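**Student:** The chain contents come next:
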Amino acid sequence: MADLSKSVAIVGVAESDEIGIVPNKSALTLHMEATRNAIADAGLTVGDIDGFLTAGYWGYDVAEYLGIKPRYTDSTSVGGSSFVIDIAHAMAAINAGYCEVALITHGQAGRSARYPYGRDPNVPGAQYDTPYGIIGPPVNYSMAASRYMHQYGEERTRQALSEIAVSTRKWAQMNPKAMMRDPMTFDDYHNSRWIARPFHLLDCCLVTDAGAAVIVTTPERAKSLPKKPVWVLGAAEYHDHSLLHQMPDMTVTPAHVTGPRALEMAGVTHSDIDLTMIYDSFTYTVLATIESLGFCGPGEGPDWVANQRTAPGGDWALNTSGGGLSYTHPGMYGVFLIVEAVRQLRGETGERQLKDPKLSLVNGTGGLLSSTGTVVLGVD
Amino acid sequence: MTQQPYKLPLPNSQPESDYYWEKAKAHELWLRKCNECGDAYFYPRDICPNCYSNNVTWIQASGKATLYAYSIVERGPTPPFRDVVPYIAAVVELEEGPRMPTNLVDVPFDEEHIKVGMALQVTFHDVTDEVTLPKFRPVG
Ligand SMILES: [Zn+2]
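Protein sequence lines, in the order shown, are assigned to chains B and S. For what it's worth, this note's numbering labels the leading residue of the first sequence as 1168, then goes sequentially. For what it's worth, this note's numbering labels the leading residue of the second sequence as 117, then goes sequentially.
Source of the hints: derived by calculation from the structure; they are not laboratory data. Owing to the predicted nature of the structure, the values given are computational and were not obtained by experimental measurement. There could be a bad hint or two in this list.
One-sided excerpt, in silico: chain B residues whose CB lies under 8 Å from chain S [said to hold, decoys possible]:
id: 1; residue: A1293
id: 2; residue: Q1294
id: 3; residue: P1298
id: 4; residue: Y1299
id: 5; residue: G1300
id: 6; residue: V1306
id: 7; residue: S1313
id: 8; residue: H1317
id: 9; residue: Y1319
id: 10; residue: G1320
id: 11; residue: A1363
id: 12; residue: R1364
id: 13; residue: D1416
id: 14; residue: M1417
Which bits of chain B does chain S cover? Going by a derived footprint, with three or more residues having C-beta under 8 Å, they are [stated by the list, open to error]:
id: 15; stretch: 1284-1291
id: 16; stretch: 1402-1414
Restraint ranges, calculated between C-beta atoms of paired labels, are given here [claimed, not checked]:
id: 17; chain 1: B; residue 1: G1464; chain 2: S; residue 2: C153; range: 26 to 34 Å
id: 18; chain 1: S; residue 1: I163; chain 2: B; residue 2: Q1318; range: 43 to 51 Å
id: 19; chain 1: S; residue 1: G154; chain 2: B; residue 2: D1482; range: 22 to 30 Å
id: 20; chain 1: B; residue 1: P1343; chain 2: S; residue 2: G154; range: 54 to 62 Å
Ideal placement from N, C-alpha and C gives every residue a C-beta, glycine not left out.
Build the full structure now, drawing on both the sequences and the hints.
**Tutor:** Okay, structure coming up:
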């Protein structure tokens, strides 16, 4: 494979004007706000965009709404990881000359949409899972967590899930855009109501309305733009199932492929990473992903996150935006991971800013622990 | 057969799975098995997903399984399931090898009585006159 490390840069990131509960705006308006803001952040105009990547909608529906006519288009839809995977696709397309300035955009009225998002009745999940009430992420991810508990111990697992929920909330308290900013104690976690046992409410991500966008371009173009380029040093994607019962091992996510590959491409190791951004659809997603990425061995995740190690002031920075658990999660969250990583690497995150981070690993998970994209981002 | 109108979603059978659901209606659990590579697999596909052979047959499963993973659902994921909580979503591993989604039934909604790895047996629920869902209950 061609060595594409550091061959493109992220030059613009933004959320929509409002995120959280935004009933007065459609998903496509959220797309448009995010795109406008990301273009402004990059110092570009909409006419500069010639590559267009989105997920969840047909690409031309969104592009038409946004007034964009791309010569490269990609509507990869493998859940919330799609936008992280899109970084790799933008990198490949730019290097192949298909486009020069790629927009990755997302908007979703997960909370306030007037018409629910439907599921194709012809897919296997509608036939084999739906009649049993095996529908949606909480039911499926909680089943996977039960498997982890069986293999590695219930109390140990529960402690890890609570550590992740509590530490993530502490970061959210320092993010003015986060939806949940009240303090959370361990008791709050344990006392929150059951959603799908073993998941409490506070194991589960939020459901919000939000958009975000990212702009990727060439090193030459990046150097002419106002913001410090954030280099794409490594990128990898993988999926190994759609339905949970087809997952090879419910305690190992596809990050076991993408983590090592992305790090290898970047030429760095786990211990070089200053900030890890992991898609926290659920506390369990984080626990399984830390292990799958290779930061620690199978079953060692609870030790890795013990004693609020991932909270502000801890020695392993994780999900500094407050994550899907406490900041925002409109349904597909992956693009927001990149937004935070880029802002941290640029030094733009105010009260929660890490001290001079140089490298961030971002891992998005989509579907039912089905797909992941991992990217390693860095600044000079 | 059933007393009250059944309000939960029914399986959307496809050409490759009509036989599976017909057999379920007869209170039998059948799987696809490949004559070339020997793989038994769920869910039914006319072509073996392991070796891509068309030389696949149907076999009757023993109905014996172990519990692989489960969730006691307290908040229904869609409106019709909100009326039937709690229920137990489960993935079971069949004696023949494949895993399948199901409900665990005839057990208290209590983690003390539900252990991953426990032995299960298929049981058939005639949810409408036309449709039967294979579910699983503890052995003994
Ligand atoms: Zn075969």
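**Student:** So, for every hint listed, does it hold in this structure?
**Tutor:** Do the hints match the structure? See the list:
1. Taking 8 Å as the C-beta contact cut-off toward chain S, the hint placing A1293(B) at the interface holds, the least distance being around 5 Å.
2. Interface restraint check: Q1294(B) against chain S, minimum CB-CB distance 5 Å, threshold 8 Å, status holds.
3. Because the beta carbon of P1298(B) sits about 5 Å from the nearest beta carbon in chain S, less than 8 Å, this interface hint is met.
4. Look at Y1299(B): its Cβ gets to within about 5 Å of chain S, closer than 8 Å, so that hint holds up.
5. Interface hint status for G1300(B): upheld, as the beta-carbon distance to the closest one in chain S is roughly 4 Å, under 8 Å.
6. At its closest, the beta carbon of V1306(B) sits 5 Å from a beta carbon of chain S; the interface hint therefore holds under the 8 Å criterion.
7. The interface hint given for S1313(B) holds, since its Cβ lies 5 Å from the closest Cβ of chain S, which is under the 8 Å cut-off.
8. For H1317(B), the interface hint holds, the least distance from its beta-carbon to any beta-carbon of chain S being 4 Å, beneath 8 Å.
9. Checking Y1319(B) against chain S: minimum C-beta separation of about 12 Å lies over 8 Å; hint violated.
10. Taking 8 Å as the C-beta contact cut-off toward chain S, the hint placing G1320(B) at the interface is violated, the least distance being around 12 Å.
11. Residue-level restraint check for A1363(B) holds (minimum Cβ-Cβ distance to chain S is 4 Å; threshold 8 Å).
12. Taking 8 Å as the C-beta cut-off, the interface hint given for R1364(B) holds, the closest approach to chain S being about 4 Å.
13. Restraint check, D1416(B) versus chain S: the minimum CB separation of about 11 Å is more than 8 Å; hint violated.
14. Hint on M1417(B) holds. Least Cβ distance to chain S is approximately 6 Å, under the 8 Å limit.
15. Proximity of the stretch 1284-1291 of chain B to chain S, defined as three or more residues with a beta carbon under 8 Å from a beta carbon of that chain, is established by the 3 residues found.
16. Only when three residues or more bring their CB closer than 8 Å to a CB of chain S does the claim for the stretch 1402-1414 of chain B stand; here the count is 4, and the claim holds.
17. Between G1464(B) and C153(S), the C-beta spacing of about 33 Å keeps the proposed range 26 to 34 Å intact.
18. With their beta carbons about 33 Å apart, I163(S) and Q1318(B) fall outside the hinted range of 43 to 51 Å.
19. For G154(S) and D1482(B), the hinted distance range of 22 to 30 Å is not satisfied, since their beta carbons lie about 50 Å from each other.
20. Range check, P1343(B) to G154(S): Cβ separation about 59 Å, and the 54 to 62 Å hint holds.
Hints 9, 10, 13, 18 and 19 from the list above are not met by this structure, while the remaining hints are.
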